[in-house]
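Please arrange chain B on chain A, whose structure you already have, making use of the hints.
Sequence order for the protein chains is A and B.
Note that our numbering has the first sequence beginning at -17, numbered continuously upward.
Note that our numbering has the second sequence beginning at 97, numbered continuously upward.
In short, the hints are calculated from the structure, not lab data.
Every residue, glycine too, gets a C-beta built ideally from N, C-alpha and C.
Among these hints, one or two may not hold up.
[Stated by the list, open to error] Derived DSS-like pairs (lysine-lysine); straight-line CA-CA distance at most 25 Å: (1) K499/B to K471/B; (2) K660/B to K641/B; (3) K528/B to K567/B; (4) K9/A to K95/A; (5) K567/B to K450/B; (6) K107/A to K217/B; (7) K528/B to K471/B; (8) K9/A to K582/B; (9) K310/B to K274/B; (10) K217/B to K95/A; (11) K660/B to K95/A; (12) K169/B to K149/B; (13) K107/A to K95/A; (14) K499/B to K450/B; (15) K217/B to K9/A.
[What the hints assert, rightly or not] Non-contacting residues of chain B with respect to chain A, defined by C-beta distances greater than 10 Å in every case (computed): (16) G222; (17) K274; (18) Q314; (19) R322; (20) N338; (21) S347; (22) R419; (23) P447; (24) T488; (25) S525; (26) A526; (27) G684.
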Amino acid sequence: MGSDFEPKILVLATLACAYPGADAVGKAHLEYPANVSILRVPSPVLFPEDFYLRAFARGIDGILIASCGSDCPYTGAYDKLSRRIDGLVHKMKEGGLEIERMRLTAICTVCIKAFLNEVNQMDRKLREIGPANREIASRLWQASLRELQAGAVAEPVRSAS
Amino acid sequence: MTEQEQGAAQQPESEKPRIGVYICRCGGNISDVVDTEALAKQVQSLGDVATCKVETFMCSDPGQATIVEDIQKQGLNRVVVASCSPFLHELTFRTAVQRGGLNPYLYEHVNIREQDSWVHKHDPAGATAKALRMISAAVGKLHHVEQLERIRLGNHRQALVVGGGIAGLKAAVELAGKGIPVILVEQSPQLGGRVASLARTFPGEIEGPEFVHKLADQVTGHPLIRVFRRARVESVSGFVGNFDVRIAVESQPGASEPPDGHGQAAPAEAQEFHASVGTIIMATGSDPYTPARGEYGFAEQPAVVTLPDFLRQLADTPDGEFRWNGRPVRNVGFLHCVGSRQVDGVNPPQPDGKINDYCSRYCCTAILQQALTLKQRFPAVNVFDFYQDIRTYGRGREDYYTKSSAAGVVFLRFHGDEPPVVEPGENGSALKVRVKDWLTFGEEVEVPLDLLVLGVGMVPHAIPELIDRLKLPVGADRFLQEVHPKLRPVETAVNGVLLAGTAQAPMDIEETFSAAGAAAVKAAILLSRDVVELDPFVAEVDAEKCNGCERCLEECAYTGALLKETVEIDGETVVKARVNPGLCFGCGACVAICPTRAIDLKGWTLDQFDAMVDGLIEAVPVAG
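Chain A with its partners taken away, still in its complex shape (with noise of 0.2 Å):
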């Protein structure tokens, strides 16, 4: 891919903990490409697997969900993040869409190089593989979106116990 491919990085970041974190890191007067846009939220729980693939369809090419981790203030929502992640990452590899595009990590409100490094390792890879294919990525999202409608959404994996 050309040198002038600029990926549109997407970090969902929590407003406990990755937020203040990357805000920390302007505190800091650190720098990460500016290709790199943040929108905040209370928990990424709530966010349907459609959203992000929608996103990908609409234009974004990568997507940072900078959680609270194990830090996570709402009972049981890390865990349903990560399994709903697990789901869409498995669908995106099915699908045709890079998997690399979408990863769930763990960012406190100290973390500045865990965010410095989560942010440039994602540009540096989006720029190896260049934008992200909006037709597969439309396609996922409307299988998705059809399987959610018809309450069809796979159960979610319970642990063994």
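Using the frame of chain A, we list chain B on its own:
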């Protein structure tokens, strides 16, 4: 009011958006990187932006006044401010929008400082283009917002104070003085906590028990304060204004009334009490650091003791010859910073793998107070003070240092990365301390001692269950953490839960009193009204779209937050989900799984997020 104005006041969300966008230069913090003037021109071309202005400081009074004026004169019905982090000024601008006559939730904040100009210093063009994308996202979101009302709920105008040490006692007295009923829960049979066992306190040299009695008398004698001793908070749930608390009082058959009148005979049987309170003050205090076995000879050498033990025993020692456990004592050493200001790689880590790198604050003064007392009562005893740094901060406390020095206390200063080494003594001494003394430029000194007093720091009293149940934030130092050390020093991130005293950080008695007083005032403010207002960002079910599948009820982690309701529609009985806003935490887990998109988080709807994503993608970059 004209017909048109009336319509606007009733239903501004149905109007065509007229959006005002305000870009802050932040005195150069933003405009030195982002081309704010070029940005404003581009923003003008975004959909339904009626006005876009650039100001040097949006948060200033004139900056805010511009918003108010434009809302009123230009009929704006949505506002965006692009400035610093929302954590600093989102509330400022919401309030300004409200002053202008708009619902405060018809506002969107864009962070172009911490997450733009400060992180893209060497890419001004990229930063300017990003600012446009982020404003475009906000403008997109504002096409999907509606007026929101804060949630108003009843307020139980009663406070729970956890801990009956001086912090809890002080907070209880202050609150009751404001006419607010208080429930005080103390785990031990006695009120007064750590201070009750201090032979002397500084400054003022008041005896701990005397000090505690005065305070405890006020508490036990107050009609508005209900004290539970030998009690613990068995469970706690709920939220500000509406905490539900279960208190368990343990039984101890045969226990008698302690002699001082501040204890309490335990009930013959365990008892449980329920209470509803509006706020909770955490006054759970601290413990003295317990050195590990062998740390400076602790628990291996009988002549090594901690400062609290020394204090107690010194107070009980008769005048005359100084003896310790029957042995005459000639040389006493005090060692500072035991369990405090530890150095990674030098001091062994604590059981949780961390080191205590904080200063415990009370110990310098307490050590010198004891050193001075010892010197005054037993002038023949030689006193050695091993320290890294000494600061007897605070009014009237420097005297302890100057007087100790004048009384002949010998000071030896070590570096944190070369702490003194304690070894068994020779020639009749119990101990030998080897130290590299930087007051003599690094000379290796061996000091024979008969007694070594470890100036142990403070560690938070362990309350893992309460931390877990209330989801209290804990700092890296394991103490409970405030929202902001300067701006909100006694509040926690859990609305309605306040901090008093050494549960939060090492403090001396004066500081503990200040903190407890502050917590009481904050609690009194929260309890001053019959209602509490909460942010409106909770889930909401669109009953028309809800098909009653109940998936959301299965997904919800919070008991009672989602309810099943049967309603009659066209003569048919159907099931609908409904949200109890007081119990909804606003996580959005229910939103993602709803097959009919009937649930959304107010203020964070999926449509709004979709619009923001589109805004990010569709914004045209600023030309050259």
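Inset, instruction - Hints the structure violates: just list their numbers, smallest first. - result: 3, 11, 14, 16, 27
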